[in-house]
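Peer 1: Chain by chain, the residues run as shown.
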Amino acid sequence: MCVFEGSRFVKFEYLKYMAKKQIKLDIPSCSLCENRDGILCSLPMKCKETISEGKGGNFYRKGQIIFYEDNHVNGLYCIYKGKVKLTKLGENGKEHIVRFAKTGDVLGYRSLLGNETYKATAMALEDSYVCLMDKNKFKDVIVENPKLSFSLMELLSKDLKNAEQKLINISEKTVLVRMVEAILLLEDCFGVDIEGYIDVNLTRSEYADIVGTTIETAIRSLSSLKEDGYIDMDGKKIIITDKKGLLQISNAFVS
Amino acid sequence: MEQTKKIVVELLEKYQIEPVYLKRNSVLFEEGKPVDSIFYIEEGEVFIMSGNLILWSAHSNEFVGVSSFLSFEESYRFGAKVCTSSKIYKIPISTFKEELISNDTLSKLLIKNFCERIDAVTVRVKNLASKSSRSRLILLLIESTKLNKTNKVSYPLSEISSLIGVSSRRTRKMLKELEEKKLISYLNGVVEILDKRGLEIVGVNKF
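Just so you know, the protein sequences line up as chains A and B, in that order.
Each residue of the first sequence is one higher than the one before, starting from -12 at the first, in the working numbering.
Each residue of the second sequence is one higher than the one before, starting from 99 at the first, in the working numbering.
Isolated chain A, as found in the complex (with noise of 0.2 Å):
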């Protein structure tokens, strides 16, 4: 990149650099906080602000890594806005997606509370704001206040849940039911725009990755349900037409 100032001449890197600048953001302190659905978003006022203390925020483009997975544990993340894969590697460099988290969320809870490292790595799905704050203090705040420490036990009890109904859905389910799951999923955690697609992109990669098969068997599964009209796809969108029959598909198996 090089800028002469004064001259006519500027090289194309460097126009691409402007329009890709950073727009900075004032992320407030959690008391400020406009988020209303995290588990921290509940806490009393002197505890937000005690945690708030020398909270930072970083600003994520899509494709960065929040953290590794297997690195020390250094802080507690919250989304203040954007959303973020969580995957895991498997054998031969394929990743595993654990989970989704959106605006509100808080990642590295689990680690934070059991463990020294973290379990996943946590990549940024699209652009995104996230807050880092320090692990004492957040310890220091579920001891004073045992109403945490509850609302945790109840989102690690949720958490697991969900790791349960994944295991019975991957020893016992087609891949085609599977992908049904995901797809039910993702409007769920992510609800949908104002043309009616899942408000998030991810590659079929991503899909195969998210249901434990092949990319080939997830285009398959994919083609699949379009043809026989449960969704249309557009790009990486996807919009559910007849959702009332995706669920007969996920429920026939329980059936």
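Keep in mind that the hints were calculated from the coordinates and are not lab data.
Built from N, CA and C at the ideal position, the CB exists for glycine as well.
BS3-like, lysine-lysine: derived pairs with alpha carbons at most 27 Å apart:
#1 A/145 <-> B/210
#2 B/247 <-> B/274
#3 A/89 <-> B/210
#4 A/124 <-> B/210
#5 A/134 <-> B/103
Which bits of chain A does chain B cover? Going by a derived footprint, with three or more residues having C-beta under 8 Å, they are:
#6 79 to 90
#7 129 to 141
#8 146 to 154
Given chain A's structure and the hints, the job is docking chain B onto it.
Peer 2: Using the frame of chain A, we list chain B on its own:
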């Protein structure tokens, strides 16, 4: 861990909750039955099951039945069956709830249990998605002998099949193949590891 165990057992004695000694295959609770108790395993191993599928196993110093209670469910989401002879305490829900709110040690232990459990289940899902059935079998054989500190695997064929997510027939075939390579012995339904290092190498290499 021993210290935490001691604190929990003292707590149970305070409420005069006596331990129960259960043999292998005893049922702790059935899927769909009303949630009335939480179980603490002082010694032994318990399987949590959905139908015939083993989801995870709980070991010494762990609680079982807590997630249904914390999710405010009226009935147990899954069943629990004793895997090896165990010493277990049955804690009424009301007593448990009272202690959970006030006892910091208990909540820390529960949180730790949950985190370990979620990790174990997530790793199993990852292995099912990315490892071959042969690799999963070898991994299970090695892990289970580490836990019970012998060369013999304590699970029968049906449980091994359930844990690795394949049919019993396929599991038996894979065990026979490993036996032919003199890596294990499989006699009268009992698997014994003969060459652990060789098994680890085979588990990593594709063949």
